[in-house]
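Engineer: Sequence:
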Amino acid sequence: MTDGRLYYGAQGEAMKAFDVRDGHGLRLLQMHAGVKLAALTGRRADLVLQRCRELSIDHVVGQSRAKGQAIGEIAQTMSVPLEQVCFMGDDVNDLPALRRVGLPCAPADAVPEVLREVSWVAKHRAGHGAVRDLCELLLAARTGWPPVEEPPAQS
283 MTDGRLYYGA QGEAMKAFDV RDGHGLRLLQ MHAGVKLAAL TGRRADLVLQ
333 RCRELSIDHV VGQSRAKGQA IGEIAQTMSV PLEQVCFMGD DVNDLPALRR
383 VGLPCAPADA VPEVLREVSW VAKHRAGHGA VRDLCELLLA ARTGWPPVEE
433 PPAQS
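Under the numbering used here, the first residue of the sequence shown is numbered 283, with each subsequent residue one higher.
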């Protein structure tokens, strides 16, 4: 959902940019395919947590140095077998988690070590539509893509 860059404000506060298309893709997965979502980050999760709240993603794990263990705990908590888990990672610290899941994925600009081990690579870079690429792949597999019906109007 981000390009991995950190921005710092005048008071030292960290900021990140999130791709709106990635977020919309995640919402489409929830609405049209009933996919359970979680976020796992190696950094403090404050900024990710805020974005995940906006996207109705309830399970967020931050400051995770042991991502392989963390992905197992997330899957267990959410009652999803690891073989049915999809995880997108872009750097070597993601390899333990990528090696445990059924569908290991990476953005186009992932490090070579990751690209060698994943089953699927997005057309786009991290933070620039890679998550959306994955969402469309999953939507096509689960429901057909693109959706032909508008979602119901909210009142």
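One or more of the hints may lead you astray.
[As the list claims (entries may be wrong)] EDC-like mimics (lysine to aspartate or glutamate), calculated; alpha carbons at most 20 Å apart, straight line: (1) Lys405 x Glu395; (2) Lys318 x Asp340; (3) Lys298 x Glu365; (4) Lys405 x Asp301; (5) Lys298 x Glu355; (6) Lys318 x Glu336; (7) Lys298 x Glu336; (8) Lys318 x Glu295; (9) Lys298 x Asp328; (10) Lys405 x Glu418; (11) Lys405 x Asp373; (12) Lys318 x Glu418; (13) Lys318 x Glu365; (14) Lys318 x Asp373.
[Said to hold, decoys possible] With beta-carbon atoms standing in for the labels, derived distance ranges: (15) Lys405 x Gly350: 41 to 51 Å; (16) Glu336 x Gln293: 15 to 25 Å; (17) Gln293 x Leu331: 12 to 22 Å; (18) Gly294 x Ser401: 35 to 45 Å.
Hints in this document: simulated from the structure, not taken from any laboratory. This structure is a prediction, so every number in the text was calculated from the model and none was measured. Where is the CB? At the ideal position from N, CA and C, for every residue including glycine.
Engineer: Hint by hint, note whether the structure agrees.
Structural biologist: Do the hints match the structure? See the list:
no., hint, verdict
1, Lys405 x Glu395, "holds, 18 Å"
2, Lys318 x Asp340, "holds, 9 Å"
3, Lys298 x Glu365, "violated, 31 Å"
4, Lys405 x Asp301, "holds, 15 Å"
5, Lys298 x Glu355, "violated, 26 Å"
6, Lys318 x Glu336, "holds, 15 Å"
7, Lys298 x Glu336, "holds, 15 Å"
8, Lys318 x Glu295, "violated, 31 Å"
9, Lys298 x Asp328, "holds, 11 Å"
10, Lys405 x Glu418, "holds, 12 Å"
11, Lys405 x Asp373, "holds, 17 Å"
12, Lys318 x Glu418, "holds, 15 Å"
13, Lys318 x Glu365, "holds, 14 Å"
14, Lys318 x Asp373, "violated, 24 Å"
15, Lys405 x Gly350: 41 to 51 Å, "violated, 27 Å"
16, Glu336 x Gln293: 15 to 25 Å, "holds, 23 Å"
17, Gln293 x Leu331: 12 to 22 Å, "holds, 20 Å"
18, Gly294 x Ser401: 35 to 45 Å, "holds, 40 Å"
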